[in-house]
Amino acid sequence: MFGNLFKKKRYIFEDESTMVVDLDQSAGRYYEETMSKLEIESYQGDEMVVNMGPQHPSTHGVLRLELVLDGEVVKKVTPHIGYLHRNFEKHAESISYNEVVPYCDRIDYLASMNQDLAYVLAVEKLIGLNELPEKVEYARVITCELNRIASHLVAVGTFGLDVGAFTPFLWAFRDREKILDLLEWLSGARMLYNYIWVGGLARDLPEGWLQKVREFLDYFEPKMVEFNKLLTTNHIFIERTAEIGVMTPEVAVSYGCTGPVLRGSGVKWDLRKDEPFSYYDKFDFDVPVGEGKFGPVGSVLDRYLVRIDEMAESVKIIRQALDGIEPFTAQDVQAAIPKRLRPAAGAEAYVRSETPRGELGFLIRSDGSDVPFRVKSRSPCFSNICMIDDISRGGMIADLVLIIGSLDIVLGCIDR
Amino acid sequence: MPVLNANLTLQAAQFANLPETLQTILFMVLGAAIFAGAAAVLALVGVYLERKISAHMQDRVGPMEVNTEIPVLKNIGHGWAQTLADALKLLIKEDIVPAEADKKLHLMAPFIVFAATLAGFSVLPFGPGLVASDLNVGLFYIIAISSFVVIGIILAGWSSNNKWSLLGAMRSAAQIVSFEIPASLALLVVIMAVGSLNLGDIVAAQAGGIHKWLIWWYPPFNILAFFVFFVASLAELNRAPFDMPEAESEIVAGFHTEYSGMKWAMFFLAEYANMFLVGVIIATLFLGGWTSPFGDFLNSGPFPVFWVTLKAFIVIFVQIWLRWTLPRVRVDQLMYTSWKVLTPFAFVAMVGAGIWMML
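If you read the protein sequences in the order shown, they are chains A and B. Using the numbering used here, you'd call the opening residue of the first sequence number 1 and step up by one each time. Using the numbering used here, you'd call the opening residue of the second sequence number 1 and step up by one each time.
It is worth saying that the hints were derived from the structure and are not from the lab. For each residue, glycine too, the CB sits at the ideal point set by N, CA and C. Careful: at least some of the hints might be erroneous.
[Unchecked claim] Calculated lysine-lysine pairs in the DSS-like style (CA-CA distance at most 25 Å, straight line):
id, chain 1, residue 1, chain 2, residue 2
1, A, K178, A, K229
2, B, K52, A, K229
3, A, K223, B, K52
4, A, K316, A, K212
5, A, K282, A, K293
6, A, K316, A, K282
7, A, K178, A, K212
8, B, K74, B, K89
9, B, K52, A, K178
[Claimed, not checked] One side only, chain B facing chain A, incomplete, derived with CB under 7 Å:
id, residue
10, Q58
11, K163
12, P327
13, R328
14, V329
15, R330
16, V331
For reference, chain A alone in the conformation it holds in the complex (with noise of 0.2 Å):
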């Protein structure tokens, strides 16, 4: 019955023939060994590999982490990705310029509208179209900044769900359900809508839609207070928050990351106001960026702020979206859209546009036929992931389950 009790510490690494050994941590430099079953059995300490993912609850996904732990105690940890990968690039080789538009929608799924805008501003780029009508240009804004907030709704709530708090994140998705109606009605689809064209939308806006996002602004706002008041102003949540995962504006800047967990590392840059898209320039809002209240700046907690205060400041553009297109609701939103897609050979540009969860940047060249010669994503959650090893060293387990939510991190983003 007890024969367990010895065998148990064999088990531990008996599945283990790779492992990851760090000779040499304080110099920063890793060394990848294979090591024979009898050096793992030698291993010496009470370290453990333990396999986290890619069905782990709170991986976001199929992210896989090889993590050494000693005890509770995170030693190492090895992102393995490419569970996901759908081949987006190679697929993109080999249709239409438009027929790529619904693959983009599946890069990240949870910001579709986003995603669609960098690869049409791409598109647009590339065969030379600077003038589209005004309503498409508002609309585009109005359904990109709704989409920023129903991700941010998502990864605020599933930050609450990592946190142990369930209630947050059951109404973060209540509210989000009422972005999905209107993004639903709107192109008929939930989540992978196809709503932006080159050249123009999709579909023209249903009659009545802007009313309803006014009506969804009104109510969203008050329930934003709620949601703070539930969750963000707890003190078990600062408490669990403020002091972990701690990326210092260096460490961001130089493994590339952007979007909310540069801004929470207190660095003021946000390509909507720094290199400004689409009619992004014509509405005034603010860029919020960590301020390290409760902690040191670039903490899990300040890129939650950054998030939660984003929402606001999407609130601000959609309502000066709102009172932009009232001019402009008489036009085609189809009327700039090119009947034949075919740029001229050689032809190159890149256009990178803020999601939800950073900078995505799409490069397409073209070989002078209806399709793509190559198109290259630069994704945001690849930059965004790879520096959970430095920042999660030394913390607990449960800290790394808040550092991999504050990443916010969407594997089909990671992969493509």
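Based on the hints, put chain B in the right spot on chain A.
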């Protein structure tokens, strides 16, 4: 009816003719069956309450569909039979045991947890004389038997041969052992005040209405002891915000990651039976037990059982309310809470109440 009565009398007479040992054994078996049944029913009610209360806190309605076609019960609605259906489903589910698990220990663990929980019920007084075993060391017995749960949890974590289970079991052991201390110290205040470990005596000392309840004795020390015990009991129950051992976002499902079907249901039922156990203990020790809050008014017949159940369910409601409001604390913060906050406050309550008694 007269026939039935006569029959019962006859059977009672036959029962009295049986040898004394056999009578005792029959009583024990009957009592155990009643307790197991009552605990299981209470646990099912607890599960239903948890689902409904959490649903209404989250702008949902919770289970609504599973009702029965039985004529009278049909009109209750609100999915009242959902937990029954769940229990039936769990009974017929496949029992999966991991290939590398220690099968005997894996089987034993849920029984130990459930048995330890049920054993706690045997000293709870539900009315005047309505107690299965009127131990003179009842409170001490409860403290001892509730610690037994941790053995089952460690066995479950260990025998599953899963690293997440092991982590959950280690957390649980550390947590339950740490929180025993403030909980027991808080109980000492009650023991000092009443001068008895017998739960019946403790209730008797509080008879006469709401103002006589132990929570109001020696203010503010007994109120302090009440809060210390309530928080510590949350931790011993593995309830949020102290649900570290089964924190699903961190260590999958903790010690019961590798359990399925009825074995898992036994952990689950034990958790809710434990909630009721703690509810009754708190009601008995601090809130007057089975006595009416209005003195002699409504203090006889079936009312004692009603009062103690009502008080227990109020405590359960607060437990559920906290769970769906608060985030989870971290392991080190948990230990901090136990050793640096609750234990000193429990000492303050104990010493303060002692000085008050001497004055």
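A quick look at each hint next to the structure:
no., hint, verdict
1, A:K178 <-> A:K229, "21 Å, holds"
2, B:K52 <-> A:K229, "23 Å, holds"
3, A:K223 <-> B:K52, "22 Å, holds"
4, A:K316 <-> A:K212, "16 Å, holds"
5, A:K282 <-> A:K293, "31 Å, violated"
6, A:K316 <-> A:K282, "12 Å, holds"
7, A:K178 <-> A:K212, "10 Å, holds"
8, B:K74 <-> B:K89, "21 Å, holds"
9, B:K52 <-> A:K178, "24 Å, holds"
10, Q58, "4 Å, holds"
11, K163, "5 Å, holds"
12, P327, "4 Å, holds"
13, R328, "3 Å, holds"
14, V329, "6 Å, holds"
15, R330, "5 Å, holds"
16, V331, "6 Å, holds"
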